[in-house]
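Novice: Residues 624 to 1300 in my numbering are what the sequence shown spells out, letter by letter.
Check each hint, because a few of them may be wrong.
[Stated by the list, open to error] 27 Å max Cα-Cα, derived DSSO-like pairs, lysine-lysine:
no.	residue 1	residue 2
1	Lys932	Lys965
2	Lys965	Lys1278
3	Lys837	Lys932
4	Lys1098	Lys1054
5	Lys1112	Lys1098
6	Lys1119	Lys1054
7	Lys685	Lys797
8	Lys1278	Lys1267
9	Lys1267	Lys965
10	Lys685	Lys965
11	Lys1278	Lys1290
12	Lys1290	Lys965
None of these hints come from the bench; they were simulated from the model.
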Amino acid sequence: MERQDIPDLARLARPVVDLDHSVKPVAVQPFIIRSWHRCLHEFGLDPDSDQPVARVDPDDLKIRRERLGRSRAIAREEMASLDQQLAGSGCSVLLADPDGVVLDLIGDPACRDSAMAHGLVQGANWSERYRGTNSLGTCAIEQQPVLVHHSEHFLSRHVDLTGSAAPVFDHEGKLLAVLNASSFSRMAQQHTLALIEVSARMIENRAFLGHFRKHYVLRFHSHPEVIGSVREGILALDESGRVLAANRSARALLGLTRTDVLAGRTLPMLFNIGIEGLLSRKNRAWLAPLPLYEARHGNRFYSLLTLPKNSSFSLATNTPRQSVQPVNAPPRGGFPIVHLDKLQFGEPRMAYNVQCARRVLNQDIPILLMGETGTGKEVFAKAVHAEYAGAGRPFVAVNCVAIPESLIESELFGYASGAFTGASRGGQRGKILQAHGGTLFLDEIGDMPLLLQARLLRVLEEREVVPLGGESPVKIDIKLISATHRNLKERVAEGKFREDLYYRLQGISLTLPPLRARRDRQAIIGHLITLEANGAPVRLSAAAMKCLDAYDWPGNFRQLRNVLRTILALREGDEINVRDLPEEFSACSAKTAVQMTDESPAAEAETTGFGQDEPEATAMDEWEGVHLSAPEAAERIVILQTLKDSRWNMTLTAKRMFISRNTLYRKMKNLSIDLNG
């Protein structure tokens, strides 16, 4: 419902003394109606009362501050950060306790006198019982984010104010405090409320993690990139895996309300894993989120387990954690930008994707990348950008899931100076303008809110952007690449995605196959081992490669990369064997161990960097004296297998690999593949 100003709304209270028998103003938010009702029937307030805001005495204020404990220090840090974001807007940032008493305040010096005259001071009591409808007091009662603008205040003396407030809950779900930004702005903008909401969640999460720093903490979300943000779910666990507490996001992700009892439940009641399984995975793979599945509906989440503070031992080996160090580890973060040709080592579908992407590089044709989470959509987008734009041009990535819905519009389109309460004086260039001259990558486009889809469609059609609060359009020149793990056709049929935008994005649609379906898995594993080893002399035994190759890889490349990192970090020598693999490979390891007992000592001692089935091992013997890198050797295997599948027909082999015959001949020569087979 669109909000509108209603003149002298406070004076409207008189003819609605009995709201049950009056017509409710259509544009007024339901929580405002409820608040007026309380002010009239429960508190008996007079809307024309001119009583100033009362203040508690200093001793009372000190006691109230002490009740918040460490959470108050966390809140003050977030208030300082919020004040910087709202600098120059005339806002005062306030923290109040559940009674509506202001504990701390950071104000704009330019508005100090006006703020004090209106009672925006430390110790002021803004309880709804005494001050009527107002953002601080009403938020404390409603326990939800509220925006109270001008004449929505019940008392006429407060109609000059605009206040945005959000509740801060403790680890038990009880109201801990209220965070507020108040000003004398003539505009009521949701953007300031969104900033307040995000800051309140940050206070909650930081306080939660601080309170349970001596316990196990499980952080999870359906999107791994969201872990670490204000939207992550957080569970505190005891040593037996029993849930001690959960934050708001955890309850929402698990489909539970704030009143549902979660404390006391065990992990297997929530997920398909117990505390022992989590600890085992933690010991072997602590570098990135790993998948787990909800017990009730089977929904997949990604999770990180944090150990109790001062826990100094690895869980499975009882060795000091600092003794396990990655050797020559590459820098943390995403994959480096790679060349398009390095995205496939003989996988026909990926070769086709690369070929198609190249054909539209210099044309105004958007690219839509589809595939499961972790299949390398952003890596593919960066490779396209590197070939299209070259060095020095911007690559701007926007994750449509990670940004709160209330902020994504200003993030994408930017805003002009003074566009809303808290807007920077100089405005802000949005992501679309930042990508001018380069590439805009919209990840998880299928989750973009419908209202923004219409604006994005207009930008794509007209090739210009009008920032929020601005008047003049700005021309843009971008290469658009979008990505999603969702079925957009189904989203269109469900009414959750605009059909016209779908066809506008679908200049060319490329589906990235999951790792389990790729024929070049061994080549990929060899390539990533070389990349992650960062020059260290590492060999992968044939048996270990066989296990890695046979694994299903539900987390795709993200999971593979982290498994390889863990293997490299925990290895005892230069050779990686089956015993070095994580626990989830145990079934394959046992099967492989039985198979390997039948092999000769010479074959058992031989390590190649990539395992093969028996026919491929014979092929390896034919080039024993040739020295190749791991990726080259793996590519040789793929070419040999494709040649065999094509009965050594060069034309058919080249066609299946999506390369020319000349390229195939050149590769065979470089990789010492005899044409006579």
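Novice: Run every hint past the structure and note whether it holds.
Specialist: Evaluation of the provided hints:
Annotation: proposed proximity of Lys932 to Lys965 is violated, straight-line Cα distance about 42 Å (limit 27 Å). Distance hint between Lys965 and Lys1278 is fulfilled; the C-alpha atoms sit about 19 Å from each other, no more than 27 Å. With a C-alpha separation of about 5 Å, the suggested pair Lys837 and Lys932 falls inside the 27 Å cut-off, and the hint holds. Under the criterion of a C-alpha separation no larger than 27 Å, the hint pairing Lys1098 with Lys1054 is consistent with the structure, at around 14 Å.
Restraint check for Lys1112 and Lys1098: not satisfied, since their Cα atoms lie roughly 31 Å apart, outside the 27 Å limit. Of the supplied pair hints, the one linking Lys1119 and Lys1054 holds, its CA atoms being roughly 23 Å apart against a limit of 27 Å. Using a Cα cut-off of 27 Å, the hinted pair Lys685 and Lys797 holds, with the two alpha carbons roughly 21 Å apart. As the CA atoms of Lys1278 and Lys1267 are separated by approximately 14 Å, the hinted pair is consistent with the 27 Å bound.
Proposed proximity of Lys1267 and Lys965 is supported: the alpha carbons are some 23 Å apart, at most 27 Å. Among the hinted pairs, Lys685 with Lys965 is inconsistent with the structure: their alpha-carbon atoms are about 63 Å apart, more than 27 Å. Only pairs whose Cα atoms come within 27 Å are accepted, and Lys1278 paired with Lys1290 is accepted, the gap being roughly 14 Å. Distance restraint check for Lys1290 and Lys965: the Cα-Cα separation of roughly 14 Å lies within the 27 Å cut-off, and the hinted pair is therefore satisfied.
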